[in-house]
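Chains A and B supply the protein sequences, listed in that same order. For the first sequence, the UniProt record's numbering assigns the number 1 to the initial residue and increments by one for each residue that follows. For the second sequence, the UniProt record's numbering assigns the number 1 to the initial residue and increments by one for each residue that follows.
Calculated directly from the structure, the hints in this document are not laboratory data. Hints may contain errors.
Since the list can't tell identical chains apart, any single copy or any two copies may satisfy a pair.
DSBU-like cross-link-like pairs, simulated, lysine-lysine; straight-line CA separation at most 30 Å [unchecked claim]:
1. K28 with K298
2. K34 with K314
3. K314 with K28
4. K314 with K483
There are 2 protein chains.
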Amino acid sequence: MNAIEEAPRTRRGGRGARREIRTAIDTKMLPALKRRLPLVEPMDGDQIARIDDASMAILEDVGVVFRDPQAIADWRAAGADIRDDDRVHLDRNLVRELIASIPESFTYHARNSANNLPFGKDHSIFVPMTGAPYLRDLDDKRRGPTLDDLANFHKLAHMLPALHSSAHHIVEPMDHVVAHRHLRITYSSMKHSDKTFMGMTTSPKNAEDVMEMCAILFGADFMEDHPVVTGNCNGNSPLVWDEVMLGAMRAFCRRNQPVLCSPFVLGGANTPASTAAAVAQLNAEALSALAYTQVVRKGCPAIYGHYLSTVSMKSGAPMAGTPEISLMNFMIGQMARYYRIPWRTSNTLGGAKTFDAQAGYESASTMMATLMAGANYIWHSAGWNEAGMHCSMAKFVVDAEQCAMGYRMAEGVKWDDFDEALAAVRDIGPGGHYLGHPHTQARFQEAFFMPELFDNNSIEQWMAEGSHEITERALNHARNLLKNYEEPRLDEGVDEALRDYIARREREIPAVDALNDEY
Amino acid sequence: MNAIEEAPRTRRGGRGARREIRTAIDTKMLPALKRRLPLVEPMDGDQIARIDDASMAILEDVGVVFRDPQAIADWRAAGADIRDDDRVHLDRNLVRELIASIPESFTYHARNSANNLPFGKDHSIFVPMTGAPYLRDLDDKRRGPTLDDLANFHKLAHMLPALHSSAHHIVEPMDHVVAHRHLRITYSSMKHSDKTFMGMTTSPKNAEDVMEMCAILFGADFMEDHPVVTGNCNGNSPLVWDEVMLGAMRAFCRRNQPVLCSPFVLGGANTPASTAAAVAQLNAEALSALAYTQVVRKGCPAIYGHYLSTVSMKSGAPMAGTPEISLMNFMIGQMARYYRIPWRTSNTLGGAKTFDAQAGYESASTMMATLMAGANYIWHSAGWNEAGMHCSMAKFVVDAEQCAMGYRMAEGVKWDDFDEALAAVRDIGPGGHYLGHPHTQARFQEAFFMPELFDNNSIEQWMAEGSHEITERALNHARNLLKNYEEPRLDEGVDEALRDYIARREREIPAVDALNDEY
Chain A
1 MNAIEEAPRT RRGGRGARRE IRTAIDTKML PALKRRLPLV EPMDGDQIAR IDDASMAILE
61 DVGVVFRDPQ AIADWRAAGA DIRDDDRVHL DRNLVRELIA SIPESFTYHA RNSANNLPFG
121 KDHSIFVPMT GAPYLRDLDD KRRGPTLDDL ANFHKLAHML PALHSSAHHI VEPMDHVVAH
181 RHLRITYSSM KHSDKTFMGM TTSPKNAEDV MEMCAILFGA DFMEDHPVVT GNCNGNSPLV
241 WDEVMLGAMR AFCRRNQPVL CSPFVLGGAN TPASTAAAVA QLNAEALSAL AYTQVVRKGC
301 PAIYGHYLST VSMKSGAPMA GTPEISLMNF MIGQMARYYR IPWRTSNTLG GAKTFDAQAG
361 YESASTMMAT LMAGANYIWH SAGWNEAGMH CSMAKFVVDA EQCAMGYRMA EGVKWDDFDE
421 ALAAVRDIGP GGHYLGHPHT QARFQEAFFM PELFDNNSIE QWMAEGSHEI TERALNHARN
481 LLKNYEEPRL DEGVDEALRD YIARREREIP AVDALNDEY
Chain B
1 MNAIEEAPRT RRGGRGARRE IRTAIDTKML PALKRRLPLV EPMDGDQIAR IDDASMAILE
61 DVGVVFRDPQ AIADWRAAGA DIRDDDRVHL DRNLVRELIA SIPESFTYHA RNSANNLPFG
121 KDHSIFVPMT GAPYLRDLDD KRRGPTLDDL ANFHKLAHML PALHSSAHHI VEPMDHVVAH
181 RHLRITYSSM KHSDKTFMGM TTSPKNAEDV MEMCAILFGA DFMEDHPVVT GNCNGNSPLV
241 WDEVMLGAMR AFCRRNQPVL CSPFVLGGAN TPASTAAAVA QLNAEALSAL AYTQVVRKGC
301 PAIYGHYLST VSMKSGAPMA GTPEISLMNF MIGQMARYYR IPWRTSNTLG GAKTFDAQAG
361 YESASTMMAT LMAGANYIWH SAGWNEAGMH CSMAKFVVDA EQCAMGYRMA EGVKWDDFDE
421 ALAAVRDIGP GGHYLGHPHT QARFQEAFFM PELFDNNSIE QWMAEGSHEI TERALNHARN
481 LLKNYEEPRL DEGVDEALRD YIARREREIP AVDALNDEY
């Protein structure tokens, strides 16, 4: 089915043999996507101004609660109007002045500089899903994940060309106490891949640990003017930011590392039942946190974020792939570009319990919308299923191939060989075929994308090969990738320093861990 | 799961009870979509001109083969340059002059005038798939279809709100001889639904029969200035139109009925391995047939069509949902609008053998692209699987719901209650929730689409309900729809006349039928 399976067996074992097979797989990372396809922009200038005005009015009149004494003190010093202890009313001029210092673009650094990513403006990157408390494993069995499972996802992220990051806790390593997990997760991201990664923001102290580990890997001085890690901070919509998220945000900002400022939107439940008004509220929430990053450290990179779903009014369940989510993505893209701030959205979301057709529809609809919306940081790009409750090994590799396909589409139309190809039309003429033409022979590899994980053969051939549905084919592919994984070299001194740091912190941090009971 | 299953059981039997349940289902057809969402247009004016010029040069220099003596005679009379017996070289001025008389828009009439459709410009309609030699039935079993199976698909098309047509041979009724099928198919379309439908073009004589049956249903005079049926004529790419298709085309044009002029593109096999050049060739092919419709009858409506796939260079199999197909759709939409001709594309294509995640990805990617491309006639919008080899009952109803979701997205953002919804933000303030707010209560039904066939519940609830994947849920939905089907009234005299016509023609047409052996 795929290139690995077709590769001839060789008697030579070890690294040489693996390298031979790997040349057939192609694990070379695609550069950050540079979008050339025009975006879908449903709002005209007046409508953008209307959302902006509504959001600013919310910030001025309704205010945003920052449930955190330090943030309130910071805001007071910055000249904000604080009422009822923790309700921050922000004048629109203050907001505009603050967000003006957020960089429109920057380079997101990886430990292997070949994997550095230009970030913002017309660039997009794909980042795997994170945060799943369960996985569907290589046997498609749903169970609690371990640190080894997480390592496998990091290895796959490292090998799949369209994924630009190993992220962080793709799945929760339930075999480690909660209090120590952030250390093991961060080490796994750093160790198993030399692409960019994310940093845990589960508490201010955990975020500090991530900063220290990044300092070991990249150097503290280097971090002062080079973004090397991204962290996510969710808002509690409507209009609340809490102490944990704000503390983690400060830990990142102080070290000049970018935070995704992500209102957590369940449209209709924690926003009005209106697409446009939900965007206005979300925009106000995002702006308030983005502005705060600049209070903490002026000029620090920051990313306009959100988690977007709409809620079923029958069950209260979050939905994905729905039309209003697409529309909100288009609109939010316009707002982020209006403010000249890079932005993050979510890809391949869905509520299916298995990797069935529902999962396919939801993921593809979401991906097409996020690409047409022009998001810079396309998170949850692989593996997400069951409303984020599990990460699926099968879906992980299929989604990654879908990202490669979306990447190709977003690059736009290629005209470089147009005249040459037209000459072929004259050569072939009516009723002929092009398969043997020199232009076809020279160009077919790049001309039309050939997915490995979609089966397009006849049903007879498909049956002869075992009647495998996509889940089974994808799991075979994942197994083959893992079999051929080669760890990217990490400097031994750095590795030892990271392990020493973890050992020290695990001695310091009490292992008491109520949450671990669920494992 | 869906409204029907939740509807309380009633002891009253018969039509009354069915009507009661049907109010819960909502089978009212959505009007033709009026698109307000901006389209994706990858070409600037210069690039459009480049494609146009390349296509015109192909028509002038390479020529198009019309394998049909009548067409050659017609072209000669129209002033075309004929070489090598049947190779028609068309001057660009002649082409432009001819296509100028194609109406940019018209009303597509149904036998129930409430189901008439404005057609062209910013309107889009969804038409089910057609032509499947197999079906996956209500038990998801793949088998040869019968006329009863076809009737069931026509009934579903009648009941599913986002489908605007009952099409024609959604599946091939293998229990009837090929020579008589077109009569039974047309009658089934007309009888089981009062939406618009399609007419068979399997031969010039079959097309004449369709015209006669339409004349019985609508009146021959009415047809003279009202489109009541659409037919599809495929080209043999590269650059050939054959006798069967051209004869059928003439049968439609003479009665002023619109034909879809559809080059059949297998990108890389019968076009150059280049997205832009493939579009130039396809455009030349479509223009040559569109021009010919105006030679047959000036002012006759006609539709710019195509069947689009790219070919796997590994196996020669057609692929779907690939990035280049999306790009070609965007480009062709621009070309059709440049010529001010309504255009047809294909939806929900794919090569999956079952209704697995592959089918979902392929269908949703294709649907998003066709909507963003702005197609007027979105054919193959329900049921397509296995590269068109089977129509799936389960997929049929899921695709139709996806069309309803795409419809909502393409309508764009609604601003009508923006200020009212913003007032709710002030009412609720930070940390509250909107579920009980009067605005939410008043608007939630329309605010956010709630798919019936996607399961967004928790895994515990899903398991308690039987762990049904989408195929099973969709088949339940299809069964319930069919149980509650009510036939739309057809005038008894018209019905009798149609049946008389069929009986007469079945006496006249020999029932010899080699193809029927495969049933």
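Unmet hints by their number, sorted upward, for this structure: Hint 1 alone not satisfied by this model.
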